[in-house]
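Modelling step: build the complete structure from the supplied sequences, incorporating the hints.
Keeping their order, the protein sequence lines are chains S and B. Be aware that the first sequence starts at 0, since it is given in numbering that gives the first Met the number 0, and climbs by one per residue. Be aware that the second sequence starts at 0, since it is given in numbering that gives the first Met the number 0, and climbs by one per residue.
Among the hints, a few may not be true.
Looking from chain B toward chain S, a few residues come up when the C-beta cut is under 8 Å (computed) [what the hints assert, rightly or not]: (1) 38; (2) 40; (3) 107; (4) 111; (5) 113.
Quick caveat, the hints were computed from the structure, so don't treat them as lab data. Beta carbons: idealized from backbone N, C-alpha and C, even for Gly.
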Amino acid sequence: MTTLHILFTAELPESLARLWSTGDSLLLAGASVTLALRPDLSLPQPLYALAEAVQARGLKLDQVALISSADWVELITRHDKSLSWS
Amino acid sequence: MRILYIAARAPYSNDTAQELLDALLVSAAFGAEVSVLFQDEGVWQLHGGQNGSLLGRPSLDAQLQALPLYDVDQLFVDAGSLHTRGLTVNDLILPVDLLQGAQVAALLAGCDQVIRL
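The following block contains the structure:
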C-alpha cells in the first residue's frame, strides 16, 4: 500500500527515510519547500512541491515538479493513504 | 479499519502527546484496529518515572500503561529513534515491539490510515 508523504516543516525528519516504501511519493508543502534548495540533502523521489508555497516565498525550484492544489488532490487519490509530517 | 498512530512529540512541551492519546482511544472505542508507533521525540512518552504533577499535568506514562486495558496492545518503537537518544527497552514502561530498519516502513505500508502527531 502506497503512501503520499506531505511535509510541512523546514527540517527533514530523521525518520522519514525509515518509513519510506517503494511506490511512495513526497510532497513539499509550506515551509518544507526550502528543503529542495539544500545541496546537502538528497530527497526521495518522486518529489513534488506545492507551486503556491514555492512562489509565495520567491523561490525557483528547477529540479522539482511543481503542482497546483487540484493536482494535490489528484496525487492523494493515486496513493492508498497520506501521511502529514507537521 | 487499521489505523496507525505515530507518536512523534516529546511529552509536556505542549498538549500534542495528550491529544494523540485521546484520539487513539476514541478510535479504539469505535472499533478500529489501532497500532501505535513511538518514533523520534515520541519515544520519551514511554520513559518511566514521570511526575507530571510537577508541571501541573497528569503523568503520561501512567496513562499509557492503561492502553492494553482498552485493547490497544499493538505498540511499536522505532529502534533507530530509541538508540539515537541513548535509550533501551529497559527504560520503557510498556512491553513494545522494537522495529528495525525496513520493519518500520512495513508497518506503515500495512495500515489503512495513518495519523502522526
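Quick rundown of the hints versus the structure:
1. The interface hint given for residue 38 of chain B is met, as the beta carbon of that residue sits about 5 Å from the closest beta carbon of chain S, less than 8 Å.
2. The interface hint given for residue 40 of chain B is broken, as the beta carbon of that residue sits about 10 Å from the closest beta carbon of chain S, more than 8 Å.
3. A cut of 8 Å between beta carbons decides the hint on residue 107 of chain B: the least distance to chain S is about 5 Å, and the hint holds.
4. Contact between residue 111 of chain B and chain S, as hinted, is supported at the beta carbon level, the nearest pair being about 7 Å apart and thus within 8 Å.
5. Among the interface hints, the one on residue 113 of chain B holds; its C-beta lies about 5 Å from the nearest C-beta in chain S, closer than the 8 Å criterion.
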